[in-house]
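There are 4 protein chains.
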Amino acid sequence: MAQREQVQALSTPTSPETYDPLLDLREKLRQFSAERDWDQFHSPKNLAISLSIEASELLEHFQWLADERSSELSPAERLAVSKEMADVLLYLVRIADKLNVDLIQVANSKLVENAQKYPVEKAKGSSKKYTDL
Amino acid sequence: MAQREQVQALSTPTSPETYDPLLDLREKLRQFSAERDWDQFHSPKNLAISLSIEASELLEHFQWLADERSSELSPAERLAVSKEMADVLLYLVRIADKLNVDLIQVANSKLVENAQKYPVEKAKGSSKKYTDL
Amino acid sequence: MAQREQVQALSTPTSPETYDPLLDLREKLRQFSAERDWDQFHSPKNLAISLSIEASELLEHFQWLADERSSELSPAERLAVSKEMADVLLYLVRIADKLNVDLIQVANSKLVENAQKYPVEKAKGSSKKYTDL
Amino acid sequence: MAQREQVQALSTPTSPETYDPLLDLREKLRQFSAERDWDQFHSPKNLAISLSIEASELLEHFQWLADERSSELSPAERLAVSKEMADVLLYLVRIADKLNVDLIQVANSKLVENAQKYPVEKAKGSSKKYTDL
Chain A
653 MAQREQVQAL STPTSPETYD PLLDLREKLR QFSAERDWDQ FHSPKNLAIS LSIEASELLE
713 HFQWLADERS SELSPAERLA VSKEMADVLL YLVRIADKLN VDLIQVANSK LVENAQKYPV
773 EKAKGSSKKY TDL
Chain B
653 MAQREQVQAL STPTSPETYD PLLDLREKLR QFSAERDWDQ FHSPKNLAIS LSIEASELLE
713 HFQWLADERS SELSPAERLA VSKEMADVLL YLVRIADKLN VDLIQVANSK LVENAQKYPV
773 EKAKGSSKKY TDL
Chain C
653 MAQREQVQAL STPTSPETYD PLLDLREKLR QFSAERDWDQ FHSPKNLAIS LSIEASELLE
713 HFQWLADERS SELSPAERLA VSKEMADVLL YLVRIADKLN VDLIQVANSK LVENAQKYPV
773 EKAKGSSKKY TDL
Chain D
653 MAQREQVQAL STPTSPETYD PLLDLREKLR QFSAERDWDQ FHSPKNLAIS LSIEASELLE
713 HFQWLADERS SELSPAERLA VSKEMADVLL YLVRIADKLN VDLIQVANSK LVENAQKYPV
773 EKAKGSSKKY TDL
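Chains as they are written, first to last, in the numbering used here: chain A, 653 to 785; chain B, 653 to 785; chain C, 653 to 785; chain D, 653 to 785.
It should be emphasised that the hints constitute simulated quantities derived from the structure, not laboratory data. If a hint is listed, it holds; no wrong ones were tucked in.
Estimated spans, in silico, between C-beta atoms of each pair:
#	chain 1	residue 1	chain 2	residue 2	range
1	A	Asp672	B	Ser726	27 to 35 Å
2	A	Ala728	D	Gln692	22 to 30 Å
3	D	Gln692	A	Ala732	19 to 27 Å
4	B	Gln768	D	Ser726	24 to 32 Å
5	B	Ser778	D	Asp672	42 to 50 Å
6	D	Tyr782	B	Asp719	22 to 30 Å
7	B	Asp719	A	Asp672	28 to 36 Å
8	D	Arg721	A	Asn752	22 to 30 Å
9	D	Leu785	A	Ala728	47 to 55 Å
10	A	Ala728	B	Lys780	21 to 29 Å
11	D	Tyr671	A	Glu773	52 to 60 Å
12	B	Ser726	D	Glu765	26 to 34 Å
13	A	Asp672	D	Tyr782	35 to 43 Å
Note that the Cβ used here is the ideal one computed from N, Cα and C, for glycine as well.
With the hints as constraints, model all of the structure from the sequences given.
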């Protein structure tokens, strides 16, 4: 609860009907970075490095787990994993802001593209790359 | 346009007032995977590997660019970069689904945590890690 | 055979008794880069990015394989994997050259450090990180 | 000095004239893993994950440094960086052992291949990928 309020304090006000969770994160990250004078470090290149490092830290939690075990995380593991996922999302939103990319739009377009690359009849039950189907 | 319609066709219907873009992606990814019988491959561990690989493919586009140049992508570069960002988001949403993590909530909590780790007075203008501040 | 000769042609001559395979690679990479005027791009930071990307390309070959399957590569898979491993080694040797690091020496020191972090009696049969042993 | 001796103690004896530093590391790693019963975890897939994570930890040291600064590491930074490089080499040697790959041979072959992909006249002064030359 207390956390929620702190988050709200960071947030720019949005009316409920127009609330967009990624735009909200974008605004908070802009403010966060501006307050700390961090824009000087946030080239898309540096942010992409950071994103890649966070993705690797996420992977580290699964490094020695068997596949099935990776679905059965303890509460402590799940919390640690969710924080790394948060970091990945935050850097992704930040890069999208810097490059003026609409993440939801490109993700939906990519899904369409993937559906064409991996037609059900060919891809069903196969983990092959589309170039090998 | 045509793409939009295809995307809508993949989508589960949501009334406008409750539309949540990440939940919408989650549903589309569930359907995508179910149709192709891919859940057998989608352990959190394997998905984290995929996320890390996509983050690396995103980084590859910036590999040899000077920092400033990375802000000035050509339209073709920007399109290619945005597709890799889409892949990162799609895998992230998929892992969140498998682990039952609310991405927006954990991202907001992480922002609060980061604000405590990097207080403005200490972090201003510095790229040091919080452990070195 | 023909390849071997080409490799030799790139190489600086070394007498058999002093041949050090990593120093030999270092010299070839220096020459390779000098001929192409690539030293301008080869900051340690950029080389570390490249190394990370190559490591990710190596991982990509194992992405959807079950653990046991990853030991049973086809000849074509093994060749592709070995080329990615070569890329990792080449970038590693190049960074070591730029930072004047003796790879063999630091690897041997790290092995000693690891032996202290993971004493046999504690680490036997466990995949836990040393901080959790 | 003491470290050197410990390292030697781990090593299988080799006569000076046949000493190969990577084979020596391979033997030490085999022994290290056997003593700890770690071969059960060391599938090529898991080792490739580990290599990728270590490469990312190496990159982390350069994350916020300007290109030129990355050539001017402090002694403490250089030590930390060299340990990550050691980890990368150790995992690479371990994967090579598991897949029976001769790292030096494949690296030399890859250098020849790269020389063909990037002919001097086309690649000079350019950071473009060979597919774009």
